[in-house]
Amino acid sequence: MTNSTRPGFGDDGLELIDLAAVYALDAVTDAERHEIDARVTAADADVAEAFARETRDVRATMAQVSHTTAVEPPAAVRGRLLALIAADTDTPDAPVDLAARRARWRNFLLAAAAAVVIAVGGIGIATQMRQDTQPTSAQILAADDVRTVSGAIEGGGTATVVYSKEVDAGVLVMNNVAPPTEGTVYQMWLLGPSGAIAAGTMTPDDVAPSTTAVLEDISDATALGFSVEPTGGSTQPTAIFAQLPLT
Amino acid sequence: MPVRMAHAGAAAGDAIRSATLDRRRMLSRLIRPVRISPDERTGRVTGVGDETDTLDALLVRVASADATAFAEFYDLTRSRTYGMILRVLRDPGYSEETLQEVYLQVWRPGTAFDPAQGSALSWLMTLAHRRAVDRVRAERSGADREARYGAQSVEAVFDTVTDEALRRDDARQVLDCLDTLTDLHRRSVELAYYGGLTYREVAEQLSTALPTVKSRIRDGLRRLKNCLGVDSDDE
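Protein chains in written order, with numbering that gives the first Met the number 0: chain A, 0 to 246; chain B, 0 to 234.
Take these hints with a grain of salt, some might be off.
[As the list claims (entries may be wrong)] Simulated DEER-style distance windows between Cβ atoms:
1. A/Gly155 x B/Leu183: 45 to 51 Å
2. A/Ala74 x B/Arg139: 28 to 34 Å
3. B/Asp230 x A/Asp204: 54 to 60 Å
4. B/Thr211 x A/Asp219: 20 to 26 Å
5. A/Glu14 x B/Asp230: 44 to 50 Å
6. B/Thr53 x A/Glu14: 47 to 53 Å
7. B/Ser206 x A/Ser193: 49 to 55 Å
8. B/Pro108 x A/Thr40: 56 to 62 Å
9. B/Asp230 x A/Asp45: 16 to 22 Å
10. B/Asp182 x A/Thr180: 17 to 23 Å
Since the hints were made in silico from the structure, they are not lab data. Note that the structure is a prediction, hence the values are computed from the model and not measured. In this text, a Cβ means the ideal position worked out from N, Cα and C, and glycines have one as well.
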């Protein structure tokens with residue numbers, strides 16, 4: 000940060016270095032950021048180095064300042080993240096409950112397959128595991144436009160969708176959600192301009208402490224809806240009782 | 000609140016909406032917005048002291064899809080990441096989502112951490128801040144959300160110390176350094192960093208000339224850096 004008064008950079012160079020602080024604070028527009036990036040790339044080596052140094056210093060300084068604003072996040076975030084990560088990993092030294100997780104996955108896979116048959120005209124939930132050659136979950140996590148949306152469910156638990164419109168798919172994670180009552184299922188619906196499209200069901204047995212499922216063909220959907228339906232599901236929702244927006 | 004579960008959003012259509020309103024009363028499991036109760040915030044204090052090497056090493060393991068290392072990295076950094084995001088976004092629901100997105104980005108293959116560009120914490124906070132700023136600007140540009148972010152001015156962040164910060168030695172040192180800044184310096188840096196504003200917008204908000212604001216931000220950061228003894232080349 001001390002280089003701005005040093006001679007030798009030229010007016011252009013000095014002006015560029017002068018922007019390093021606001022650049023490092025993200026206090027520029029996207030267009031300005033791109034322009035600055037281009038100018039740094041084209042700049043003399045000593046100017047580029049001075050710019051990089053100041054940027055590093057500012058970021059290191061603000062990293063220290065983050066001590067003063069620390070707040071514990073809600074505990075549920077940890078479980079959701081680890082469930083998503085587990086869906087994307089299959090290492091021998093993974094957490095000990097991996098076997099149990101796999102068993103739950105298989106159960107869910109069977110239930111989802113049944114749902115596809117029953118939900119006429121609907122696109123069922125496709126569940127995938129790491130063993131698949133191209134896990135959709137990995138594609139979603141790697142997407143540039145990955146977004147998450149969460150809601151707490153009254154009566155306990157949370158539902159989260161991590162999704163990418165580019166990949167045209169999302170991962171639904173249900174944590175500690177109470178199962179539906181016997182004789183009913185939770186049914187998921189992709190809601191959009193063309194109405195409600197069935198996206199699979201969850202029976203009381205499917206709803207584990209951490210239930211994960213892949214949702215596909217989401218690009219037209221504006222929300223994921225949940226309804227309670229009789230066993231086997233319905234072709235149209237009886238009543239959507241909750242939604243997660245997929246905008 | 001678009002990011003929270005809506006009982007009857009515009010997307011559902013009128014028929015569904017009216018059915019929903021009737022049905023809602025009958026259902027025991029309704030979905031409510033995410034709320035953070037005070038007791039959820041008081042976890043153990045995370046991430047203090049000389050941890051740069053630890054975090055760097057953990058990130059190397061995370062890059063090879065080590066879920067245990069990821070969990071440890073999360074635990075050591077989560078409160079700082081979340082606290083900063085919350086200062087920028089101010090909404091617990093948005094902040095929780097952004098926090099998740101940040102750590103998914105940490106996990107995703109190809110997210111490059113280069114130790115030559117600074118510490119792991121610095122890298123993480125840069126990533127998180129960028130995402131928080133993108134989000135706050137996107138929310139601000141939504142016409143129906145102007146009331147939420149538009150007219151509101153940024154609170155004096157540096158004067159509002161979190162309970163957790165008070166328990167940290169690192170925080171106290173930073174606070175002492177922040178006290179050495181003039182109000183003008185502090186305010187300029189605050190608006191730029193936590194307000195999600197561009198420096199042009201900071202100048203407008205403070206009714207100050209652009210070059211003045213730029214140099215105030217720069218001088219403020221330089222003083223802060225020198226007081227803290229930050230030298231990113233040593234990290």
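Q) Holds or violated: 44 to 50 Å for the Cβ distance of A/Glu14 and B/Asp230? A) violated, 25 Å
Q: Given the hint of 49 to 55 Å, check if B/Ser206 and A/Ser193 actually sit that far apart at their C-beta atoms.
A: holds, 51 Å
Q | Cβ separation of B/Asp230 and A/Asp45, checked against the hinted range 16 to 22 Å | A | Since the Cβ atoms of B/Asp230 and A/Asp45 sit about 19 Å apart, the hinted range of 16 to 22 Å holds.
**Q.** Satisfaction of the hinted span 45 to 51 Å by the C-beta atoms belonging to A/Gly155 and B/Leu183
**A.** holds, 49 Å
Q. Is the distance from the Cβ of B/Pro108 to the Cβ of A/Thr40 consistent with 56 to 62 Å?
A. The hinted range 56 to 62 Å is violated for B/Pro108 and A/Thr40, with Cβ atoms some 25 Å apart.
Q.
Holds or violated: the 28 to 34 Å window for the beta-carbon distance between A/Ala74 and B/Arg139?
A. holds, 30 Å
Q: Could you say whether the range 47 to 53 Å given as a hint is met by the Cβ separation of B/Thr53 and A/Glu14?
A: violated, 40 Å
Q. Taking 54 to 60 Å as the hint, is the beta-carbon distance of B/Asp230 and A/Asp204 inside that range?
A. Roughly 58 Å apart at Cβ, these two residues keep to the hinted range, so it holds.
Q.
Quick check on a hinted range of 17 to 23 Å for B/Asp182 and A/Thr180, using CB atoms only.
A. violated, 60 Å
(Q) Does the beta carbon distance between B/Thr211 and A/Asp219 stay inside 20 to 26 Å, or does it fall outside? (A) violated, 50 Å
Of the numbered hints stated above, those contradicted by the structure are hints 4, 5, 6, 8 and 10, listed in ascending order.
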